[in-house]
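Protein chains: 2
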Amino acid sequence: MSTPTADPGDIESVLAGLTESVAGAEMLIGDQISEEYEQDESLTVDPCRPTAVFLPRSTAEVSQIMRLADHHRVPITGRGAGTGLSGAAVPRNDSIVVSFERMNEIIEIDTENHVAVVQPGIRLNELDEALKPYDLVYPVYPGEYSASLGGNVNTNAGGMRAVKYGVTRHHVLGLEVVLPGGEVIRTGGKFVKSTSGYDLTQLMVGSEGTLGLVTEITLKLHPRLPHCATVLAPFATLDSVTEAVPRIVDSGVSPLILEYIDIMTMSATAEFTGLELGIPQEIKDTALAYLVVMLENSHESRLEEDTASLAEHLSELGAMDVYVLPSNAAEKLIEAREQAFWISKANNADEIVDIVVPRADIPEFMNRVAALANEYEAWIAGCGHAGDGNVHLGVFCGGDPHKRDRIMHELFDASRALGGAISAEHGIGLAKREHFLTLEDPTKIELMRRIKTAFDPNGIMNPDTIF
Amino acid sequence: MSTPTADPGDIESVLAGLTESVAGAEMLIGDQISEEYEQDESLTVDPCRPTAVFLPRSTAEVSQIMRLADHHRVPITGRGAGTGLSGAAVPRNDSIVVSFERMNEIIEIDTENHVAVVQPGIRLNELDEALKPYDLVYPVYPGEYSASLGGNVNTNAGGMRAVKYGVTRHHVLGLEVVLPGGEVIRTGGKFVKSTSGYDLTQLMVGSEGTLGLVTEITLKLHPRLPHCATVLAPFATLDSVTEAVPRIVDSGVSPLILEYIDIMTMSATAEFTGLELGIPQEIKDTALAYLVVMLENSHESRLEEDTASLAEHLSELGAMDVYVLPSNAAEKLIEAREQAFWISKANNADEIVDIVVPRADIPEFMNRVAALANEYEAWIAGCGHAGDGNVHLGVFCGGDPHKRDRIMHELFDASRALGGAISAEHGIGLAKREHFLTLEDPTKIELMRRIKTAFDPNGIMNPDTIF
Numbered sequence: 003m004s005t006p007t008a009d010p011g012d013i014e015s016v017l018a019g020l021t022e023s024v025a026g027a028e029m030l031i032g033d034q035i036s037e038e039y040e041q042d043e044s045l046t047v048d049p050c051r052p053t054a055v056f057l058p059r060s061t062a063e064v065s066q067i068m069r070l071a072d073h074h075r076v077p078i079t080g081r082g083a084g085t086g087l088s089g090a091a092v093p094r095n096d097s098i099v100v101s102f103e104r105m106n107e108i109i110e111i112d113t114e115n116h117v118a119v120v121q122p123g124i125r126l127n128e129l130d131e132a133l134k135p136y137d138l139v140y141p142v143y144p145g146e147y148s149a150s151l152g153g154n155v156n157t158n159a160g161g162m163r164a165v166k167y168g169v170t171r172h173h174v175l176g177l178e179v180v181l182p183g184g185e186v187i188r189t190g191g192k193f194v195k196s197t198s199g200y201d202l203t204q205l206m207v208g209s210e211g212t213l214g215l216v217t218e219i220t221l222k223l224h225p226r227l228p229h230c231a232t233v234l235a236p237f238a239t240l241d242s243v244t245e246a247v248p249r250i251v252d253s254g255v256s257p258l259i260l261e262y263i264d265i266m267t268m269s270a271t272a273e274f275t276g277l278e279l280g281i282p283q284e285i286k287d288t289a290l291a292y293l294v295v296m297l298e299n300s301h302e303s304r305l306e307e308d309t310a311s312l313a314e315h316l317s318e319l320g321a322m323d324v325y326v327l328p329s330n331a332a333e334k335l336i337e338a339r340e341q342a343f344w345i346s347k348a349n350n351a352d353e354i355v356d357i358v359v360p361r362a363d364i365p366e367f368m369n370r371v372a373a374l375a376n377e378y379e380a381w382i383a384g385c386g387h388a389g390d391g392n393v394h395l396g397v398f399c400g401g402d403p404h405k406r407d408r409i410m411h412e413l414f415d416a417s418r419a420l421g422g423a424i425s426a427e428h429g430i431g432l433a434k435r436e437h438f439l440t441l442e443d444p445t446k447i448e449l450m451r452r453i454k455t456a457f458d459p460n461g462i463m464n465p466d467t468i469f
Numbered sequence: 003m004s005t006p007t008a009d010p011g012d013i014e015s016v017l018a019g020l021t022e023s024v025a026g027a028e029m030l031i032g033d034q035i036s037e038e039y040e041q042d043e044s045l046t047v048d049p050c051r052p053t054a055v056f057l058p059r060s061t062a063e064v065s066q067i068m069r070l071a072d073h074h075r076v077p078i079t080g081r082g083a084g085t086g087l088s089g090a091a092v093p094r095n096d097s098i099v100v101s102f103e104r105m106n107e108i109i110e111i112d113t114e115n116h117v118a119v120v121q122p123g124i125r126l127n128e129l130d131e132a133l134k135p136y137d138l139v140y141p142v143y144p145g146e147y148s149a150s151l152g153g154n155v156n157t158n159a160g161g162m163r164a165v166k167y168g169v170t171r172h173h174v175l176g177l178e179v180v181l182p183g184g185e186v187i188r189t190g191g192k193f194v195k196s197t198s199g200y201d202l203t204q205l206m207v208g209s210e211g212t213l214g215l216v217t218e219i220t221l222k223l224h225p226r227l228p229h230c231a232t233v234l235a236p237f238a239t240l241d242s243v244t245e246a247v248p249r250i251v252d253s254g255v256s257p258l259i260l261e262y263i264d265i266m267t268m269s270a271t272a273e274f275t276g277l278e279l280g281i282p283q284e285i286k287d288t289a290l291a292y293l294v295v296m297l298e299n300s301h302e303s304r305l306e307e308d309t310a311s312l313a314e315h316l317s318e319l320g321a322m323d324v325y326v327l328p329s330n331a332a333e334k335l336i337e338a339r340e341q342a343f344w345i346s347k348a349n350n351a352d353e354i355v356d357i358v359v360p361r362a363d364i365p366e367f368m369n370r371v372a373a374l375a376n377e378y379e380a381w382i383a384g385c386g387h388a389g390d391g392n393v394h395l396g397v398f399c400g401g402d403p404h405k406r407d408r409i410m411h412e413l414f415d416a417s418r419a420l421g422g423a424i425s426a427e428h429g430i431g432l433a434k435r436e437h438f439l440t441l442e443d444p445t446k447i448e449l450m451r452r453i454k455t456a457f458d459p460n461g462i463m464n465p466d467t468i469f
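Sequence order for the protein chains is A and B. If you read the first sequence in the numbering used here, its first letter stands for residue 3, the second for the next number, and so on. If you read the second sequence in the numbering used here, its first letter stands for residue 3, the second for the next number, and so on.
Calculated from the structure, these hints are not laboratory results. None of these values were measured; they are calculated from a predicted model. Possibly wrong hints are sitting among the right ones.
Said to hold, decoys possible - Some chain A residues well away from chain B (every beta-carbon gap over 10 Å; in silico): (1) P10; (2) G11; (3) G26; (4) Q34; (5) T61; (6) G145; (7) Y147; (8) N158; (9) D201; (10) D241; (11) Q283; (12) K286; (13) D287; (14) G320; (15) E379; (16) K405.
Stated by the list, open to error - With a Cα cut of at most 27 Å, we get these calculated DSS-like pairs of lysine-lysine: (17) A:K286 / A:K347; (18) B:K347 / B:K334; (19) B:K166 / A:K134; (20) A:K347 / A:K405; (21) A:K166 / B:K166; (22) B:K134 / B:K166; (23) A:K334 / A:K405; (24) A:K134 / A:K334; (25) B:K405 / B:K347; (26) B:K166 / B:K405; (27) A:K166 / B:K134; (28) A:K446 / B:K446.
Even for Gly, the Cβ is constructed at its ideal location relative to N, Cα and C.
Full structure from sequences and hints, please.
In C-alpha cells:
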C-alpha cells in the first residue's frame with residue numbers, strides 16, 4: 003500500500019472545500035494549534051504538529067472532511083481525549099487531525115434495552131456519572147478515566163475489570179462509521195446477537211483509526227451492583243500469586259478485579275501516593291508480590307460471606323496474611339494502582355509494556371523478564387491484571403533508546419513464544435509498529451494490509467499507524 | 003467479484019493433486035457421496051450434490067486441498083455437523099466439500115487458563131461431556147446440541163443462554179485458519195485482551211465459510227455452576243412478558259435463560275412432546291404467552307432465595323401465576339423448547355425466522371407479525387429469546403414459495419425498521435442471501451465484498467453464500 007504524502011496545495015484544497023461546504027466549520031491552523039494536538043501519552047513517540055485540526059460538530063461534517071481528504075489524498079488522524087499510550091493519535095506534519103471534543107454528547111440512555119448511545123468525544127467519567135442515577139454501569143475500566151469512548155473503541159481498551167466483564171470489544175454493540183470516501187455506515191444495533199454478514203463492528207474495534215472514523219457508539223450496559231469489597235493479600239513469591247488466580251476464578255466468587263502488584267511497584271506507589279495500608283513491616287520486608295481482589299454483589303450479606311470465604315481461600319493458597327480493606331483504603335489502593343503509569347513516567351521510565359500471555363504463564367514470563375533485566379542491566383518492574391494475563395511493566399534503562407528497543411523486542415518475543423501478544427490494550431500505534439512488523443506472521447500482516455485497503459484504498463487513514 | 007465455475011478438468015486436477023500429495027487421502031466421489039453431504043437443515047435450500055467430499059485428518063491436509071483448489075479455481079464448501087439452518091453448508095455441483103468429521107479431537111482442556119482447544123469437528127454435546135469432570139462449561143447453548151464447534155464458529159451460534167453468557171463470538175479466543183492459498187495462520191490465543199492489529203478472530207466468526215477454513219478453535223470456559231432452577235410464568239399478553247424482561251435483568255438475579263413461548267407454540271410443543279406441566283385449564287385458556295426464566299448459582303441457598311424473589315417479582319410484573327418447576331419438568335420444558343424447530347418442520351413450516359430486534363421492541367415487532375399474518379392469510383407463531391430480542395417464528399403459508407418470500411421480505415424489513423438485523427444466529431447462507439442483498443446498505447455490502455476479496459481473491463470459498 004502506498005503511504006501518500008500530501009503537498010501543501012492538496013491540504014489547502016481540503017481546507018478551502020471544508021470552509022465552503024461546512025458553515026461555521028471550526029478549524030485550527032498554524033499557531034492556533036496547541037501542543038496537545040501534537041501528542042498523546044506515549045513515552046517514545048515524538049510529538050508532531052499537524053497542518054490543521056478540525057473540530058466537527060456532526061457526522062455530516064465528518065463525512066465532508068473525509069470526502070475531501072480522500073479526494074485530495076490528505077492523511078487524517080482521529081483524536082479522542084489524547085490519553086493513548088502508543089502514539090496512534092500522533093499525526094504527521096501533512097495530516098489533518100479530526101478531534102472529537104465537540105461531539106461529546108450522550109445521545110440516549112435506554113433503560114429497557116440496557117444500552118447507551120454516545121458520541122465518540124464523551125469521556126468515561128462523564129458517562130459513568132450520567133449512568134449512576136439509572137443504577138446502570140458501563141463496566142470497562144481502563145486506568146485513565148478521562149479517556150474518550152471513541153479512543154477506547156479504537157484501542158479496544160481493557161483495564162482491571164476485564165476478568166469479569168471483558169474489554170471494550172465485548173460492550174460495543176454497534177457503531178456509526180464514516181469511511182474515507184465520506185460514506186456513512188451503521189453497524190450492529192441494540193442487540194448482542196447478529197450473523198448478518200461480516201462483523202464490521204468488531205473489525206473497527208481496536209483498528210486505531212486506520213479504517214474509518216467512529217461517530218457514534220452503541221454500548222452494552224450492566225446493572226450497577228451496589229456492594230463491593232477489596233481484599234489485599236501479600237505472598238512470598240509471584241509464582242504463588244499467579245497459581246492462586248485460577249483457583250479463585252474456579253471458586254465461583256466471580257471477582258471484579260484480580261490484580262498483582264510486585265514489591266517494587268508497591269513501595270513506589272505507596273511512597274508516591276502516601277498510601278498507608280497498615281501492613282506490618284515484617285510482611286512488607288518479606289512479601290514479593292501482592293494480590294488485590296475486588297468482589298461486588300447486589301446483596302450485602304452475600305458479599306460478606308464471599309469475602310470471608312475468599313480470605314480463607316487465599317490463606318490456604320499461601321497468602322502470608324489477608325487484609326479486608328476498609329472502603330476508603332480500598333479506593334485509595336485502586337486509585338494508586340491506576341497511577342502506576344504516572345509513577346513510572348515520573349520516575350523516567352523509558353517505556354511501558356502491556357504484553358499479554360496466557361495467565362498461567364505469568365511466572366514463566368516474569369522469570370524471563372528478570373533474566374532480561376539482569377542481562378541488560380535495566381530495571382523492569384510492574385503490576386498487572388493477573389486474572390487475564392495482562393502484564394504491565396515499566397522499563398528503566400537510563401534513557402538509552404537503543405537498549406530500550408532491544409529489551410522491548412526481547413520482551414515481545416518472550417510473550418509471543420508463550421502464545422501471547424504484543425499489546426493487550428494499549429495498541430500498536432506508532433510506538434510498537436516496528437516490533438509488530440518484525441515479529442508478527444507476515445501472512446497475517448499482508449492480510450491485514452489488504453483489509454486496510456478494502457476500507458481505505460487511498461491510504462489516508464492514520465498512515466504509519468500499526469503498519 | 004467473479005464467482006468462478008469450475009470445469010471437470012480443474013476438479014480432476016485438484017483430486018489428482020490431492021491423491022499425490024496426501025498419502026491415504028480419504029475422498030468420496032460419485033455414489034460414495036451420501037445425501038447428507040448435499041444439504042443442511044435449511045427448509046428452503048435445495049440439496050445439491052458436490053463433485054467430491056474430502057475428509058481431512060489434519061491441518062496440513064486442509065492446507066493441501068486449499069492450495070490446489072485455489073490454484074485450479076475450484077469452489078470449497080466447509081462442513082461441520084450439517085445442522086445449519088441457512089444452507090451455508092450446501093455446496094454447488096462444481097464444489098468440493100471439506101467435511102471436518104475426522105478432525106473432531108479435543109486437543110486440550112486447560113484448567114489453569116480456563117480454556118479448551120478443539121478441532122472443528124467436535125460436537126457441543128461431546129465437549130460438554132468432556133468438560134463435566136473439570137466443573138467447567140462452554141456455556142453457548144444453541145438449540146441443536148449435536149452441532150459442531152466449527153459450524154458454531156462459522157455461524158456465530160447463539161441460543162438461549164446469550165442473555166447471560168453472550169454468543170459464540172464472545173467465547174472464541176483464538177483460531178487456526180487455512181486461507182484459500184493454503185497458508186495457515188493462527189489468531190488470538192489463550193487470553194481475552196489483545197489490540198495487536200485487526201481482530202482476525204472476530205472477522206472469521208460468523209463468516210459462514212466464505213473467508214477460510216477453521217482448523218482449530220481456542221474457547222473460553224466458565225466455572226460450571228451446580229445449582230439451577232426454572233420458573234414458568236403465564237401472562238395475559240406478550241407485551242406484559244417483554245415489559246417484564248428488563249426489570250428482571252435490572253434486579254441483578256442474572257438469569258441464565260429468559261425465553262418467551264407464545265400460546266400456539268406452547269400447545270403445539272406440549273402436544274408434540276407430551277409435556278405436562280400441571281398448569282390449570284383456566285390459565286391455559288387465557289394465557290397468551292409464557293415466560294421461562296432459568297437461574298443458576300454456586301450456592302443452593304442463594305438460588306432458593308433468588309428464585310423466591312424472582313417469583314414475587316414476576317407476580318408484581320403481572321404474571322397470572324408463577325410455577326417453580328421441579329427439575330425433571332424444567333428439563334423437559336427446555337428440551338421441548340429446543341424441539342420448536344423440529345415441531346415447526348413436522349408441521350410443514352415454510353420457513354423459520356431468527357430475526358433480532360432491540361428486546362424492548364419485541365411487542366411492536368410482534369404486532370407487525372400479526373398484521374402480516376392477517377394480510378397474507380398465513381400462520382406465524384413462535385417463541386424466542388426475550389432477553390436478547392431474538393425472535394424465532396415458524397411461517398406457515400401452505401407451501402407457496404412466492405408468498406413465503408414476500409412474507410419473509412416484509413418480516414426482515416420490519417426488523418430493520420426497528421434497528422434490528424435479518425439473522426441473529428442462523429446466518430444468511432444461501433437461504434436469506436437475496437433478502438440480505440436487497441435490504442442491506444449497498445455501501446456495507448460492497449465493503450464486505452472487498453473484505454472477502456482480501457481473504458479470497460479467486461472467490462473459491464463457499465461462493466453464493468452471504469453474497
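Status of each hint after checking the structure:
no.: 1; hint: P10; result: 32 Å, holds
no.: 2; hint: G11; result: 30 Å, holds
no.: 3; hint: G26; result: 28 Å, holds
no.: 4; hint: Q34; result: 32 Å, holds
no.: 5; hint: T61; result: 14 Å, holds
no.: 6; hint: G145; result: 13 Å, holds
no.: 7; hint: Y147; result: 18 Å, holds
no.: 8; hint: N158; result: 4 Å, violated
no.: 9; hint: D201; result: 6 Å, violated
no.: 10; hint: D241; result: 12 Å, holds
no.: 11; hint: Q283; result: 34 Å, holds
no.: 12; hint: K286; result: 29 Å, holds
no.: 13; hint: D287; result: 30 Å, holds
no.: 14; hint: G320; result: 16 Å, holds
no.: 15; hint: E379; result: 29 Å, holds
no.: 16; hint: K405; result: 24 Å, holds
no.: 17; hint: A:K286 / A:K347; result: 24 Å, holds
no.: 18; hint: B:K347 / B:K334; result: 20 Å, holds
no.: 19; hint: B:K166 / A:K134; result: 22 Å, holds
no.: 20; hint: A:K347 / A:K405; result: 18 Å, holds
no.: 21; hint: A:K166 / B:K166; result: 12 Å, holds
no.: 22; hint: B:K134 / B:K166; result: 20 Å, holds
no.: 23; hint: A:K334 / A:K405; result: 35 Å, violated
no.: 24; hint: A:K134 / A:K334; result: 21 Å, holds
no.: 25; hint: B:K405 / B:K347; result: 18 Å, holds
no.: 26; hint: B:K166 / B:K405; result: 37 Å, violated
no.: 27; hint: A:K166 / B:K134; result: 22 Å, holds
no.: 28; hint: A:K446 / B:K446; result: 23 Å, holds
In the structure shown, a violation is registered for the earlier hints numbered 8, 9, 23, 26, in ascending order.
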